[in-house]
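J.: Spelled out, the chains give:
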Amino acid sequence: MSKQHELDNIIRSIAESGEKLPAPERRGFLKQGLAMLGAAGVVAGAGRLSAAETGGAPSVPPWTKSLGPGVVSNPYGSPSPFESHVKRRTVDWLTADKIASISFTPLADLKGIITPSGVVFERYHAGLPAVDPNVHQLMIHGMVDRPIILSMDDLMRFPSVSMIRFLECPANGGMEWRGAQMDRLQFSHGMLSCCEWTGVLLSTLLAEVGVQKDAKWILAEGADGAHMSRSIPMDKAMDDALIVYAQNGEALRPEQGYPVRLINPGWEGNTCVKWLRRLEIGDKPWYHREETSKYTDLMPDGTAREFTFLQECNSVITSPSPEKPLKKPGKLWVEGLAWSGRGKIKQVDVSFDGGVNWRPARFTSTVLPRALTRFGVEWNWNGNPALLQSRAIDETGYVQPTYGQLREVRGTSSIYHKNAIHTWKLNSDGSVANVQIS
Amino acid sequence: MSRFPELIALTVSLALFAYPSVAEKAKPAGYYGHGEPATEAQIAGWDIDVRPDGQGLPPGSGSVEDGEMLYEEQCAECHGSFGEGEGRYPSLAGGEDSLREARPHKTVGSYWKYTSTLWDYIHRAMPFTRPESLSDDEVYAITAYVLYLNELVEDDFVLSQQNLAEVRLPNEANFSDEQRPDVNNTRCMENCRDPAAIEIISQAPQYEPPVIAASAAVVAVSTPGEDTYKQSCALCHDNGVGGSPVTGNAGDWASRISAGTESLYANAINGFQGEAGVMPAKGGFVQLSDDAVRQAVDYMVGASK
Numbered sequence: 001m002s003k004q005h006e007l008d009n010i011i012r013s014i015a016e017s018g019e020k021l022p023a024p025e026r027r028g029f030l031k032q033g034l035a036m037l038g039a040a041g042v043v044a045g046a047g048r049l050s051a052a053e054t055g056g057a058p059s060v061p062p063w064t065k066s067l068g069p070g071v072v073s074n075p076y077g078s079p080s081p082f083e084s085h086v087k088r089r090t091v092d093w094l095t096a097d098k099i100a101s102i103s104f105t106p107l108a109d110l111k112g113i114i115t116p117s118g119v120v121f122e123r124y125h126a127g128l129p130a131v132d133p134n135v136h137q138l139m140i141h142g143m144v145d146r147p148i149i150l151s152m153d154d155l156m157r158f159p160s161v162s163m164i165r166f167l168e169c170p171a172n173g174g175m176e177w178r179g180a181q182m183d184r185l186q187f188s189h190g191m192l193s194c195c196e197w198t199g200v201l202l203s204t205l206l207a208e209v210g211v212q213k214d215a216k217w218i219l220a221e222g223a224d225g226a227h228m229s230r231s232i233p234m235d236k237a238m239d240d241a242l243i244v245y246a247q248n249g250e251a252l253r254p255e256q257g258y259p260v261r262l263i264n265p266g267w268e269g270n271t272c273v274k275w276l277r278r279l280e281i282g283d284k285p286w287y288h289r290e291e292t293s294k295y296t297d298l299m300p301d302g303t304a305r306e307f308t309f310l311q312e313c314n315s316v317i318t319s320p321s322p323e324k325p326l327k328k329p330g331k332l333w334v335e336g337l338a339w340s341g342r343g344k345i346k347q348v349d350v351s352f353d354g355g356v357n358w359r360p361a362r363f364t365s366t367v368l369p370r371a372l373t374r375f376g377v378e379w380n381w382n383g384n385p386a387l388l389q390s391r392a393i394d395e396t397g398y399v400q401p402t403y404g405q406l407r408e409v410r411g412t413s414s415i416y417h418k419n420a421i422h423t424w425k426l427n428s429d430g431s432v433a434n435v436q437i438s
Numbered sequence: 001m002s003r004f005p006e007l008i009a010l011t012v013s014l015a016l017f018a019y020p021s022v023a024e025k026a027k028p029a030g031y032y033g034h035g036e037p038a039t040e041a042q043i044a045g046w047d048i049d050v051r052p053d054g055q056g057l058p059p060g061s062g063s064v065e066d067g068e069m070l071y072e073e074q075c076a077e078c079h080g081s082f083g084e085g086e087g088r089y090p091s092l093a094g095g096e097d098s099l100r101e102a103r104p105h106k107t108v109g110s111y112w113k114y115t116s117t118l119w120d121y122i123h124r125a126m127p128f129t130r131p132e133s134l135s136d137d138e139v140y141a142i143t144a145y146v147l148y149l150n151e152l153v154e155d156d157f158v159l160s161q162q163n164l165a166e167v168r169l170p171n172e173a174n175f176s177d178e179q180r181p182d183v184n185n186t187r188c189m190e191n192c193r194d195p196a197a198i199e200i201i202s203q204a205p206q207y208e209p210p211v212i213a214a215s216a217a218v219v220a221v222s223t224p225g226e227d228t229y230k231q232s233c234a235l236c237h238d239n240g241v242g243g244s245p246v247t248g249n250a251g252d253w254a255s256r257i258s259a260g261t262e263s264l265y266a267n268a269i270n271g272f273q274g275e276a277g278v279m280p281a282k283g284g285f286v287q288l289s290d291d292a293v294r295q296a297v298d299y300m301v302g303a304s305k
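Line by line, the protein sequences are chains A and B.
Just so you know, we're using the numbering used here here: the first sequence kicks off at 1 and counts up by one.
Just so you know, we're using the numbering used here here: the second sequence kicks off at 1 and counts up by one.
You may find that some hints are simply not true.
So, partial list: chain B residues that the calculated Cβ filter (under 10 Å) puts toward chain A [stated by the list, open to error]:
1) P37
2) Q42
3) C78
4) Y121
5) R130
6) L134
7) A173
8) F175
9) E178
10) A197
11) P210
12) S232
13) F272
14) A276
15) V278
Derived from the structure by calculation, the hints contain no laboratory data.
Virtual Cβ for every residue (Gly too), placed ideally from N, Cα, C.
Extracted from the complex, chain B is given alone in its bound form (with noise of 0.2 Å):
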């Protein structure tokens, strides 16, 4: 059998090997296949999203009347009765002409762009405590409600699938697309302005730094035997270091405990120079307290009975 088809292969990975993005190119949908397919339910099941055209709207329909009620239960205690908003929560009405002012007030009637993002954002967040409960023709109603409260519909007036796209809302035409760079600072180094003309115009609440004494510092001392010992005394008493009493082991502990309680407790809170070795105080730790000492060794005697 000829080698030549082994040659060819090898050419062909080579090829690959050295030029990535002609291969990049090349890559059907689908090249790595990670995941699954999305099957037509799980996208439905997510897939929530409204535009200006309509599309992505469900079917369903809801009434001004009964939008005012599902109002006053789900979104006035924020937005208020009227839409003008409770505390610092956002107004959705009112506000008309009032964009070139000092302080415009921004709503769904003054400056939204289309009556679909307020179905959208109603039924992908609202209400604020309870997204996605509220039914399709809830939606709708709500909706519908808040158009009326910016006097844009009758009273009477039913929100639908249908209709939704052909409500305009007053400042759909004043938005326009990104302009930056607009302005044009140029780079001078000296002399750049007359020091004399110089005035501060406007000055935050001075702020005094607080000293950053060591107060911050946070020290157990109170530690349980067991957490104690992990981390002050099983580098000796694990292993016997030293000639230390192994913990564990009742043979190198009993003639220590039947000394008393209270031996220990000194010979571990001052240091303790025996036959075997010598216990510094506190195990070197003297940031421990005599307690959390105390504490340890009533472990490590329960431990090795």
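Isolated chain A (complex conformation) (with noise of 0.2 Å):
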């Protein structure tokens, strides 16, 4: 059906519909008929009938007068369409094409500490596969005892284990190193999430293939195009790797690496290798060309930190933020995230004048260790400019840095692993912009 021919049935729908129902009610549905119209792209807003017109009632639309959809009419449910801004997006002057490259997850519209899998950012290297379970393999080799190839169905027959963690690229909030430049949330700090993540713990395989006495590395590999790898230390490994094939209760989105990648908690999300195919046990590290090329550390003496895995005490305020403006002054309930990959979260502050005073705020969620973890504090608003920043200690006593700390040591030119605490300038008509503050 054509675009006009679709907008003519549905007007005439409307139209007629409306002429069934009582006065004021069909006002109502005309309304109501106007938003649907906004689908085929005409702008309307739906409004709320007058108490006058609704004998005193909030509301009377239709849908409290009808009976909707029976069960399965959507057999895999999906939001409301009314939540359907909240979605991944990407920033196209980052990368040359969207083949290798990265979307961020709309934090701003999200809330506890679950990412839905359906907008965890993404990144990719050489597009999303679309890889057949019944096909893929992993392999185990090197410097081991018993190299084995396994199935999908032989991994799972493997102990498994399910623990909530955070996910981030490194790069995350690496284009604000020279000042801030995202004019929202999801692309200042939106290369992060966080789920639960189900599978084998590594060590329980290397248990399997009985790793050898000079093992000191592990290559992980994906099954992609890019063939991505990575060299990840057998410390990690042993400690709380996980090799991984679900998420959030149901099999690894596609995007997330269907049908099984490597979680290292706490760490680099590049380290997480996704639609993992192959795992060579070795003694040195490989040095690819995303440990040495990328995802190194340049310095301000020229010199460049390498195998940087460690993601950072780091923390943002959700709301109020350039998507979640104020409306009016007056009490609200400020809040936002904060993680380390270190471990749990020991404590959040709140600043509403740029660092001077702080407040501390309280834990809104359940505090895991290398998760993300809900604070919130309540506010009273007078309706003035104001800076708004959060400050995140980890339980190791780590106090998240300025940027003139970070700077001082590492620079503008490192891409990777900026977690200073970040701004918020609160206008006096409500909105919100990112800044960075002397």
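Two independent chains are provided; combine them into the complex using the hints.
T.: What follows is the structure in structure tokens.
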């Protein structure tokens, strides 16, 4: 059906339906119908009926006087169409194309600590491979007594573990080393997510193959066209590295490495190789492209740090934020997210005056190690401009640094691992801007 | 026969149950026995990685001269004829002594640590649109040419399995290990800085969130008959609830069909009080378009003749 034809049909059906209703309801119905038209490209606002029109009831929309579709009309559910703005987005100028690129999690619209699977940020080096789990295999070889090759069925026969852990690209916020330039939270901090991951501890698989005495490193390699590869130290593999096949209660999403990926909790997302096909055990690191040319941190003296795996303590206020401006002064709930690759978050403080004075926030979620942690604090906004900041402290006592402190050591060219205290400027009209302050 | 062995067996299994960590440690390789042993041929088929010491390199070689032609064919479109990088694709050459500058230019010659990385990456991931399409000799040749573009080898150079690890890159010595935590902020709560000294030093463009009106609402209005039936009509008409004619039961429908299609449409759209029961207007699904109801009626009639 052509767009115009479709539009005509919608208009006609709205008009016809409306004619059969009593006058006040007809008006409401027509408003609702106009809202439907919005889907066809016409901007319209659905309104509530006045108290006089509804006889005092707050509203009497059509859905309260009719039946909706039955079960399995949408067999795999999706968010309300009114939430269709909550989605991954990319920034075109960041990369040469969309095949080797990144998208961002819409943090401002998310609640709690779990990132819904469908909006977890994407990072591809050769696009999204369509991997058939019946064909896919995971090989473990190298300095082991018994090299093996596992089908997905084989892998799922090992004892499983589930853990809620954040996953963050080390370049998260990396566009702002030299100054604020991303206009909203999704782009300033959205290479970040937190899911429940289920799979087999890498240590279980290493025990199965029998790691030889001098083995120190493991190469993880993907089955995508980039054959993305990273060298992982044996200590991490034996600690909490997880070979993951499920995410938030269901099979991994293709974007997250279906049917199997590596998760190194608290470490650079890039080390968490997706579409994992191979683990080779060796005595030295491989120094592949993603651990030399990329994912190394260039310092002001021209040297670069390598194997900087850890994602250090960080935090950001998610509301208010550029996407969540304030409608009016008065009491409001300020909230945000904190996380640390070293372990649990111990404390988050919030400042409304650019870091002069701070107030302790409280945790509104479970506090888990290496997981996003939700904090909040009540604030009475007087309507004046304000500079909002959050500062997280993790269980090791590490305090999230200022931009000044970070730049003093690392300059502005290191791209990765920017975890500075972030500032939102709240304007008197309630709008919010991303700024950096002296 | 003594029952003693059974007691021992019970004791052992209880001990294993009570001390799983001891049992874990005692597990030999292959404890679970899941999967298949990986054969040498399987390993060789996937084992593509190369290390700085040359481990993993296959036999073969390639010259700068051969590399030039291949590079022009396979690489220049994105990386530029001189390795300068087209658009935002990576630049491969140049950038000497730029790492301390405000805009460092990181290339194979100015930044990369090992030659093996270049061979490994071309072999595993390049050309971008056709990974793993180059022969080993072609990878040696292109690697040789990229080294030449960086003025690291002469134009008559031939790179091979034997000499690759000997080609050292200028920036090799300039990498160091992890040194974090490398900052030491402290938790101050009051009067932590001079408010007068606070200045906004940079600001991103102001974002104005779109007004999220009902424009996002998508309501299916033109549903084909069967879908509409399943979603809206079947709940009564599948089973004759409230005296409704059962879909597929020709006896229930014969007299109704003989009254004419327009009559059926009108009763379905506007509602109808009959002897057997009540048909609410559109079955109560007022969001359905008249056309959708007509299509559902057509479906029911078609299925009930």
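J.: Work down the list of hints and note, for each, if the structure agrees.
T.: Status of the hints after comparison with the structure:
Nearest Cβ of chain A to the Cβ of B/P37: about 6 Å, under the 10 Å cut. The hint holds. Among the interface hints, the one on B/Q42 holds; its C-beta lies about 6 Å from the nearest C-beta in chain A, closer than the 10 Å criterion. Given the 10 Å rule on beta carbons, the hint for B/C78 holds: about 8 Å separates it from the nearest Cβ of chain A. Look at B/Y121: its Cβ gets to within about 4 Å of chain A, closer than 10 Å, so that hint holds up.
Residue-level restraint check for B/R130 holds (minimum Cβ-Cβ distance to chain A is 9 Å; threshold 10 Å). Checking B/L134 against chain A: minimum C-beta separation of about 13 Å lies over 10 Å; hint violated. The interface hint given for B/A173 holds, since its Cβ lies 9 Å from the closest Cβ of chain A, which is under the 10 Å cut-off. Because the beta carbon of B/F175 sits about 5 Å from the nearest beta carbon in chain A, less than 10 Å, this interface hint is met.
Among the interface hints, the one on B/E178 holds; its C-beta lies about 5 Å from the nearest C-beta in chain A, closer than the 10 Å criterion. Given hint, B/A197 at the interface with chain A, holds; its Cβ is 7 Å from that chain's nearest Cβ, closer than 10 Å. This hint holds: B/P210 has a C-beta 7 Å from the nearest C-beta of chain A, less than the 10 Å allowed. For B/S232, the interface hint holds, the least distance from its beta-carbon to any beta-carbon of chain A being 7 Å, beneath 10 Å.
Interface hint at B/F272: violated, since its Cβ lies 14 Å from the closest Cβ of chain A, which is beyond the 10 Å cut-off. Look at B/A276: its Cβ only gets to about 20 Å from chain A, farther than 10 Å, so that hint breaks. The criterion of a C-beta within 10 Å of any C-beta in chain A is not met by B/V278, whose closest approach is roughly 14 Å, and the hint is violated.
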